[in-house]
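Visitor: Those protein sequences? They're chains P and E, same order as listed. Counting from 1, one number per residue, gives the positions in the first sequence under my numbering. Counting from 1001, one number per residue, gives the positions in the second sequence under my numbering.
These are calculated hints, taken from the structure and not from any lab test. These figures come from a predicted structure and were not determined experimentally. Check the hints yourself; a few may be wrong.
To be verified - Within a straight-line C-alpha distance of at most 25 Å, the following computed DMTMM-like cross-link-like pairs (lysine to aspartate or glutamate) qualify:
{"no.": "1", "chain 1": "P", "residue 1": "Lys61", "chain 2": "E", "residue 2": "Asp1116"}
{"no.": "2", "chain 1": "P", "residue 1": "Lys47", "chain 2": "E", "residue 2": "Asp1133"}
{"no.": "3", "chain 1": "P", "residue 1": "Lys61", "chain 2": "E", "residue 2": "Glu1034"}
{"no.": "4", "chain 1": "E", "residue 1": "Lys1121", "chain 2": "P", "residue 2": "Asp94"}
{"no.": "5", "chain 1": "P", "residue 1": "Lys148", "chain 2": "E", "residue 2": "Asp1033"}
{"no.": "6", "chain 1": "E", "residue 1": "Lys1085", "chain 2": "P", "residue 2": "Asp48"}
{"no.": "7", "chain 1": "P", "residue 1": "Lys206", "chain 2": "E", "residue 2": "Asp1133"}
{"no.": "8", "chain 1": "E", "residue 1": "Lys1086", "chain 2": "P", "residue 2": "Asp186"}
{"no.": "9", "chain 1": "P", "residue 1": "Lys61", "chain 2": "E", "residue 2": "Asp1133"}
{"no.": "10", "chain 1": "E", "residue 1": "Lys1082", "chain 2": "P", "residue 2": "Asp204"}
{"no.": "11", "chain 1": "P", "residue 1": "Lys76", "chain 2": "E", "residue 2": "Asp1133"}
{"no.": "12", "chain 1": "P", "residue 1": "Lys83", "chain 2": "E", "residue 2": "Asp1116"}
{"no.": "13", "chain 1": "P", "residue 1": "Lys155", "chain 2": "P", "residue 2": "Asp127"}
{"no.": "14", "chain 1": "P", "residue 1": "Lys83", "chain 2": "E", "residue 2": "Glu1083"}
{"no.": "15", "chain 1": "P", "residue 1": "Lys47", "chain 2": "E", "residue 2": "Asp1097"}
{"no.": "16", "chain 1": "E", "residue 1": "Lys1082", "chain 2": "P", "residue 2": "Asp48"}
{"no.": "17", "chain 1": "E", "residue 1": "Lys1086", "chain 2": "P", "residue 2": "Glu145"}
{"no.": "18", "chain 1": "P", "residue 1": "Lys206", "chain 2": "E", "residue 2": "Asp1089"}
{"no.": "19", "chain 1": "P", "residue 1": "Lys76", "chain 2": "E", "residue 2": "Glu1072"}
{"no.": "20", "chain 1": "E", "residue 1": "Lys1085", "chain 2": "P", "residue 2": "Glu108"}
{"no.": "21", "chain 1": "P", "residue 1": "Lys76", "chain 2": "P", "residue 2": "Asp162"}
{"no.": "22", "chain 1": "E", "residue 1": "Lys1082", "chain 2": "E", "residue 2": "Glu1068"}
{"no.": "23", "chain 1": "P", "residue 1": "Lys193", "chain 2": "P", "residue 2": "Asp102"}
{"no.": "24", "chain 1": "P", "residue 1": "Lys159", "chain 2": "P", "residue 2": "Asp94"}
{"no.": "25", "chain 1": "P", "residue 1": "Lys193", "chain 2": "E", "residue 2": "Glu1139"}
{"no.": "26", "chain 1": "P", "residue 1": "Lys148", "chain 2": "P", "residue 2": "Asp162"}
{"no.": "27", "chain 1": "P", "residue 1": "Lys83", "chain 2": "E", "residue 2": "Glu1034"}
{"no.": "28", "chain 1": "P", "residue 1": "Lys76", "chain 2": "E", "residue 2": "Glu1132"}
{"no.": "29", "chain 1": "P", "residue 1": "Lys159", "chain 2": "P", "residue 2": "Asp186"}
{"no.": "30", "chain 1": "P", "residue 1": "Lys76", "chain 2": "E", "residue 2": "Asp1096"}
{"no.": "31", "chain 1": "P", "residue 1": "Lys155", "chain 2": "P", "residue 2": "Asp186"}
{"no.": "32", "chain 1": "E", "residue 1": "Lys1086", "chain 2": "P", "residue 2": "Glu72"}
{"no.": "33", "chain 1": "P", "residue 1": "Lys61", "chain 2": "E", "residue 2": "Glu1083"}
{"no.": "34", "chain 1": "P", "residue 1": "Lys144", "chain 2": "P", "residue 2": "Asp88"}
{"no.": "35", "chain 1": "E", "residue 1": "Lys1121", "chain 2": "E", "residue 2": "Glu1139"}
{"no.": "36", "chain 1": "E", "residue 1": "Lys1082", "chain 2": "P", "residue 2": "Asp170"}
{"no.": "37", "chain 1": "P", "residue 1": "Lys193", "chain 2": "P", "residue 2": "Asp94"}
{"no.": "38", "chain 1": "P", "residue 1": "Lys83", "chain 2": "E", "residue 2": "Glu1072"}
{"no.": "39", "chain 1": "P", "residue 1": "Lys76", "chain 2": "E", "residue 2": "Asp1033"}
Below are the chains, spelled out letter by letter.
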Amino acid sequence: MSDRNRGFFAKTALVATAVLVFSPPGALAQSTAAPASPSQSTASVSKDRWLHVRVISSDAKGETVRVNVPLELAEKVLPAINKHRLHDGKVRIDDAHVSDVDLRALVEAIRTTKDGEFVTVQSNDCDVRVAKLNNHLIVHVLDKENSKKSEIEIKVPMKVIDALFSAGTDELDLVAALHALSAQGDTELVSVKDHENTVRVWLDSKNFTD
Amino acid sequence: MMLLAKAALGLGGTLILAGAYTMREGLIRIDVDEFRSGGSHVHMWVPAAAIPMAMHFVPSKHMRDASEQAREALPILHAFVKELKKYPDAEFVQIDDNDQHVRMRTHQGKLQIDVDAPDQKVYVLCPLSAIEDITSQLEEHAPGA
């Protein structure tokens, strides 16, 4: 190697080393993600089942809350929480007779009975309807008390209710209920609409909220 | 001159390797800005791999204390992070109103928490693997472990 080439090589090596050493660390390892923006989140449809909660408030602040939880994650994390009444993915209820109603017996009765309407109340203040239809328990409440109506609709698959009451006599098995829920198809579970808020709880395979 | 070049190459190479090893898990980034008089402004960029490494040098007594304090949260955090790793890009929480925004999401294996309010801005970016390493080490020091 000639002296000229050697000098050139040495200078090139020095410059290359300096560039590498003083280059931003992020460039070597990762590009730090920019603060989140909705448009950046990667949407995907997978076999995972996601529970979505969306609350849209129409008040002056216009608050919107979106929560997306994979059911499998909830199934795995819940048993790790052992606090107060919650342990091993189950909630302890002191007595299954809540307000002198034997919940377990009630659920068993609903489970074994055929489809039909169990409760229908129609008044000036509100309409209430409790029914079993296509293996779903449906509760519909229409509050007419105020000039601004509010409407609540709850639709729970019977298998989920069965799983919820599958633990001991004084417990609700949340993990079993979530597991049963994950076997269900895309479904809307809760819908609440009033003059201020719209609440929606539903289940699908998307990891984002529309 | 040649000797200097060789020394620079050696030093540079070592620094690059050490840097690459330290940065292999990415960065933990914490930015906190409180917009009030006397409000704190914290901007911290730490190589994620450095934290579990540094924890090896923390005296056992302090690790036990930290583990004891986090006793209830550790199994939850461990299970949570383990599951989160299965969802590399997902938005879990999004709260928006006229002047406040809160986001919690995973992005390329990192947990990202972003709070943007008129009085404060918080941005946390942490690789899930780093959280898992930290919780594992704390669990190892838990009394009775």
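Visitor: With reference to the structure, classify each hint as holding or not holding.
Guide: Hints, verified against the model:
1. P:Lys61 x E:Asp1116: holds, 15 Å
2. P:Lys47 x E:Asp1133: Measuring from Cα to Cα gives roughly 28 Å; hence the hint is violated.
3. P:Lys61 x E:Glu1034: holds, 22 Å
4. E:Lys1121 x P:Asp94: violated, 44 Å
5. P:Lys148 x E:Asp1033: Outside the cut-off at roughly 42 Å; violated.
6. E:Lys1085 x P:Asp48: The given pair, whose Cα atoms are some 14 Å apart, holds under the 25 Å limit.
7. P:Lys206 x E:Asp1133: violated, 30 Å
8. E:Lys1086 x P:Asp186: Between E:Lys1086 and P:Asp186 the Cα gap is close to 21 Å, so the pair holds against 25 Å.
9. P:Lys61 x E:Asp1133: violated, 40 Å
10. E:Lys1082 x P:Asp204: holds, 22 Å
11. P:Lys76 x E:Asp1133: With a Cα-Cα distance of about 19 Å, the restraint between P:Lys76 and E:Asp1133 holds, given a limit of 25 Å.
12. P:Lys83 x E:Asp1116: Violated: P:Lys83 and E:Asp1116 sit about 31 Å apart, past 25 Å.
13. P:Lys155 x P:Asp127: holds, 16 Å
14. P:Lys83 x E:Glu1083: Between P:Lys83 and E:Glu1083 the Cα gap is close to 21 Å, so the pair holds against 25 Å.
15. P:Lys47 x E:Asp1097: Not satisfied, since the Cα-Cα distance of roughly 32 Å exceeds 25 Å.
16. E:Lys1082 x P:Asp48: Holds: E:Lys1082 and P:Asp48 sit about 16 Å apart, inside 25 Å.
17. E:Lys1086 x P:Glu145: Violated, at roughly 47 Å.
18. P:Lys206 x E:Asp1089: Within the cut-off at roughly 12 Å; holds.
19. P:Lys76 x E:Glu1072: holds, 16 Å
20. E:Lys1085 x P:Glu108: violated, 39 Å
21. P:Lys76 x P:Asp162: holds, 20 Å
22. E:Lys1082 x E:Glu1068: Given that 25 Å is the threshold and the Cα spacing comes to 21 Å, the pair holds.
23. P:Lys193 x P:Asp102: violated, 30 Å
24. P:Lys159 x P:Asp94: holds, 24 Å
25. P:Lys193 x E:Glu1139: This hinted pair is violated, its Cα atoms lying about 45 Å apart.
26. P:Lys148 x P:Asp162: violated, 36 Å
27. P:Lys83 x E:Glu1034: violated, 33 Å
28. P:Lys76 x E:Glu1132: Within the cut-off at roughly 15 Å; holds.
29. P:Lys159 x P:Asp186: holds, 15 Å
30. P:Lys76 x E:Asp1096: Judged against 25 Å, a Cα distance of about 28 Å means the pair is violated.
31. P:Lys155 x P:Asp186: Roughly 12 Å between the alpha carbons, so the hint for P:Lys155 and P:Asp186 holds.
32. E:Lys1086 x P:Glu72: holds, 10 Å
33. P:Lys61 x E:Glu1083: Judged against 25 Å, a Cα distance of about 34 Å means the pair is violated.
34. P:Lys144 x P:Asp88: violated, 41 Å
35. E:Lys1121 x E:Glu1139: violated, 32 Å
36. E:Lys1082 x P:Asp170: Measuring from Cα to Cα gives roughly 31 Å; hence the hint is violated.
37. P:Lys193 x P:Asp94: violated, 33 Å
38. P:Lys83 x E:Glu1072: holds, 9 Å
39. P:Lys76 x E:Asp1033: Violated. P:Lys76 to E:Asp1033 sits at ~35 Å, over the 25 Å cutoff.
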